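Novice: Each chain is listed here by its residues.
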Amino acid sequence: MIAEEPKIKNVYEREDLLTGCQAVSQAVRLADVDVIAAYPIRPYTEVMDALSKIIADGELDAEYIIADSEHSQFEIVKHASSVNARAFAGSSGTGWCYGFEALVVTATDRLPVLFLVGNRALDDPGAFGVEHNDAMAVRDMGWLLAWVTTPQEALEHVLIGYRVAEDKRVRMPMALAMDGAFLTHSQHMVKIPTREAVRQFLPPYDLGDGRLHPDNPISIAPQVNEDWVMELRRQNWDAARRARGVIKEAYGEFNAVFGERYSTPFFTEFMTDDADTVLIGLGTVCAPGRTACRRLREKGEKVGFVSLRWFRPFPTIELRESLKRFKAVGVVDRDFAHGSPDDGGILMHEVRSALYPLKNRPAITNIITGLGGRDVSIDDCIRMYEIAQKSKTDDKLDNFVTWIGVRE
Amino acid sequence: MATETIVYDKIKGVHKIPLEEFYTSGHRTCQGCESATTMRAFIKVAGPRTVVTGSTGCMYVANTSYMTTPWIVPWMHTQLGAAGSSAIGMAAGLRALKRKGKIKDEPINAIAFCGDLGGGDMGLSGISGALQTDYDLLIIMYDNESAANTDIQATGLSTYGAQTTFTPPGSKHRIMQRRWKKNVAGMLAVGHPTCKYVATACATFPPMDYMNKVRKALAVGGPTFIHTYDPCPKGWDFHPRYSHEIGEFGIKSGLYPLFEVIEGQVVYSYDCRKTAKGRIPVKEFLVAQGRFAHLIPEDIDYIQKRVDEMWEEWEIPGVAPIKGILK
Numbered sequence: 001m002i003a004e005e006p007k008i009k010n011v012y013e014r015e016d017l018l019t020g021c022q023a024v025s026q027a028v029r030l031a032d033v034d035v036i037a038a039y040p041i042r043p044y045t046e047v048m049d050a051l052s053k054i055i056a057d058g059e060l061d062a063e064y065i066i067a068d069s070e071h072s073q074f075e076i077v078k079h080a081s082s083v084n085a086r087a088f089a090g091s092s093g094t095g096w097c098y099g100f101e102a103l104v105v106t107a108t109d110r111l112p113v114l115f116l117v118g119n120r121a122l123d124d125p126g127a128f129g130v131e132h133n134d135a136m137a138v139r140d141m142g143w144l145l146a147w148v149t150t151p152q153e154a155l156e157h158v159l160i161g162y163r164v165a166e167d168k169r170v171r172m173p174m175a176l177a178m179d180g181a182f183l184t185h186s187q188h189m190v191k192i193p194t195r196e197a198v199r200q201f202l203p204p205y206d207l208g209d210g211r212l213h214p215d216n217p218i219s220i221a222p223q224v225n226e227d228w229v230m231e232l233r234r235q236n237w238d239a240a241r242r243a244r245g246v247i248k249e250a251y252g253e254f255n256a257v258f259g260e261r262y263s264t265p266f267f268t269e270f271m272t273d274d275a276d277t278v279l280i281g282l283g284t285v286c287a288p289g290r291t292a293c294r295r296l297r298e299k300g301e302k303v304g305f306v307s308l309r310w311f312r313p314f315p316t317i318e319l320r321e322s323l324k325r326f327k328a329v330g331v332v333d334r335d336f337a338h339g340s341p342d343d344g345g346i347l348m349h350e351v352r353s354a355l356y357p358l359k360n361r362p363a364i365t366n367i368i369t370g371l372g373g374r375d376v377s378i379d380d381c382i383r384m385y386e387i388a389q390k391s392k393t394d395d396k397l398d399n400f401v402t403w404i405g406v407r408e
Numbered sequence: 001m002a003t004e005t006i007v008y009d010k011i012k013g014v015h016k017i018p019l020e021e022f023y024t025s026g027h028r029t030c031q032g033c034e035s036a037t038t039m040r041a042f043i044k045v046a047g048p049r050t051v052v053t054g055s056t057g058c059m060y061v062a063n064t065s066y067m068t069t070p071w072i073v074p075w076m077h078t079q080l081g082a083a084g085s086s087a088i089g090m091a092a093g094l095r096a097l098k099r100k101g102k103i104k105d106e107p108i109n110a111i112a113f114c115g116d117l118g119g120g121d122m123g124l125s126g127i128s129g130a131l132q133t134d135y136d137l138l139i140i141m142y143d144n145e146s147a148a149n150t151d152i153q154a155t156g157l158s159t160y161g162a163q164t165t166f167t168p169p170g171s172k173h174r175i176m177q178r179r180w181k182k183n184v185a186g187m188l189a190v191g192h193p194t195c196k197y198v199a200t201a202c203a204t205f206p207p208m209d210y211m212n213k214v215r216k217a218l219a220v221g222g223p224t225f226i227h228t229y230d231p232c233p234k235g236w237d238f239h240p241r242y243s244h245e246i247g248e249f250g251i252k253s254g255l256y257p258l259f260e261v262i263e264g265q266v267v268y269s270y271d272c273r274k275t276a277k278g279r280i281p282v283k284e285f286l287v288a289q290g291r292f293a294h295l296i297p298e299d300i301d302y303i304q305k306r307v308d309e310m311w312e313e314w315e316i317p318g319v320a321p322i323k324g325i326l327k
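These protein sequences, in sequence, are chains A and B. Just so it is clear: in the first sequence, position 232 is 232 by the numbering used here, and no numbers are missing. Just so it is clear: in the second sequence, position 277 is 277 by the numbering used here, and no numbers are missing.
Treat the hints as calculated values from the structure; they're not laboratory data. Because the structure is a prediction, the values reported are computed rather than measured. Check the hints yourself; a few may be wrong.
[Said to hold, decoys possible] In silico contact screen, one side only, chain A against chain B (beta carbon under 10 Å); selected entries:
| hint | residue |
| --- | --- |
| 1 | I65 |
| 2 | S82 |
| 3 | P204 |
| 4 | F314 |
[To be verified] Just so you have them, the derived chain B footprint on chain A, three or more residues with Cβ under 8 Å:
| hint | region |
| --- | --- |
| 5 | 55 to 64 |
| 6 | 83 to 93 |
| 7 | 181 to 190 |
Glycine is no exception: its CB is placed at the ideal position from the N, C-alpha and C atoms.
Bound-form chain A, shown alone (with noise of 0.2 Å):
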């Protein structure tokens, strides 16, 4: 597509070679947050790395906080958040399931932090690759969740969300989940904005009346049993809704800053316009799943690829418009759901239940790959193409679920 001539001349300030974790960094240098709480874990603790630089060289003003634990580092950052201090954390792995009362709450209070979460396969046994599983946990309780591909699309899904969660029409958590390694700590070119581009996107923090301040004494998050539990679980069901259309109008903002960066907000097409079968998955999966898409277009096959963005809110309505296009659809699951319905994966649940009242529903099929960091090859892929494709004729197919790159 064609970029549109943006409306502040320098949106960019120069172009780096930088880590994913190092362009969140960089994101947080611009959003101008006030409060960092950090606690090592591998491998988003890069961020908390880099920021640390940043802050001793004076780039940026903010209090770091070295924090004693994952559950201490996410209250630090709550309450900081609930003072009117735009505040930044992140974590992974079982780090991230340390601190995870501390997450739950975050979401109930209504606090947009915005959490790094560098995917990692859970403990026990110990593993430092990627897994979905840990970010994936927080996507039932009020929280905002997406996957990046890139460290120039973490960076400008710092700024995104930051509006997103802030907005007063949704006040929720951001977790903005990359994948360990691949992602973390692979260097690509980024173009890193300008402090003025960003201030045009991106309001200052104000929670208003809902601030702790002695000017506004309030009480937050007091005792309320079954009197008015549902009231606030409601208000928490609408916020998720409002935040679709809250996501589209940022993105639109974004795009009018910064250029045409984003043509859908909430995922990316590849190859699709005449496809048949689609993958689909989270994370950086979409590189060798692009290629081998571009490889089998060379044949002759029509396939292409569909790299889901936001996770929660699921874009249920936009999504399925996508998807019934296609005859199949090959869900990529880097994540379990141990004992689930056709024990398939997280993601394939979901893409199946936002099908479900398609009347001719393209055929779906579950890839599980890549879990603990296994490489994903272009020839993994290929291979989950060709199941998909199969999965058109073969309704009766055996392994409604294959694993990919096991040794059985």
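Use these hints to put chain B onto chain A, whose structure you have.
Specialist: This is chain B only, laid out in the frame that chain A set:
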């Protein structure tokens, strides 16, 4: 004297206690609740330019019901083990906003409270983290020696031998609470050399002592910690009219040492050493409460022996359980 190093607005008599209340009606605490007195007193002397977080516990569940909050100051719930981290969060947020000119630069107290279960057991790590920072914050651990909103379960701070719902006396085991009370204030003072102020207190004894300790903690700067001793009529099984007296007995018997550690120096608020005020027998404290009704004389003797050891053999009596260097 170390006390003179803290410049603070001292309350010199009961008639000088501020009249304004910032913890008022609306709470549902029990008759004779000493912890409610602890709450009322700290915010009275801290004043309205204060933000407060309260950990889960009886002072959350019984204190702060939706639409009937007793808090006149801004107040927020925090998780059971998050008193320390919530205090850091508030203090760090306010400091950043003031420095960056986003809010008016003025002194605002950040106070977090927690119970003995939340602070002394689960939240120790977070409180330790808070006491290592340079933020101006105060953590108050109100200690009623049990999980008092959950059914009166034993914690690491329950007195040895006490009956609770987790430690009922039985036909085989008379004593189920076999742990000696955890020395939280002493541990925190010893473990955090840059923390300027750690104290123990009781809301009502000696009169005004606790209020002045809160004032000192807020005046000294940096992170501070106060452990209060709160007799609980329901949990300790005594008539609500005796709450203050039971606290006084606990202190005078030496079971609950009252002290301040000001920049590394110990100041006794009630000196139980034989060379000073001495101690009343622990039996006077124990027999006044139903939770010790199952104890036999040998149990009482054992408790007395440990208390005597605390005051006569510890290198720093009542504060640090080190008995000197073995030669």
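Novice: Does each hint hold? Answer for all of them.
Specialist: So, going through the hints one by one against the coordinates:
Taking 10 Å as the C-beta cut-off, the interface hint given for I65 of chain A holds, the closest approach to chain B being about 6 Å. Because the smallest distance between the Cβ of S82 of chain A and any Cβ of chain B comes to about 6 Å, under 10 Å, the interface hint for this residue holds. With its C-beta approaching chain B no nearer than about 8 Å, P204 of chain A sits inside the 10 Å limit, and its interface hint holds. A hinted interface residue such as F314 of chain A counts as satisfied when its beta carbon comes closer than 10 Å to some beta carbon of chain B; here the least separation is about 28 Å, so the hint is violated.
Judged by the Cβ-Cβ criterion of 8 Å, the region 55 to 64 of chain A is covered by chain B as claimed, because 3 of its residues qualify and three suffice. With 4 residues carrying a beta carbon less than 8 Å from a beta carbon of chain B, the region 83 to 93 of chain A meets the three-residue requirement, and the given coverage holds. Here the region 181 to 190 of chain A counts 0 residues with a CB under 8 Å from a CB of chain B, which misses the bar of 3, and the coverage is violated.
Of the numbered hints listed earlier, those contradicted by the structure are 4, 7.
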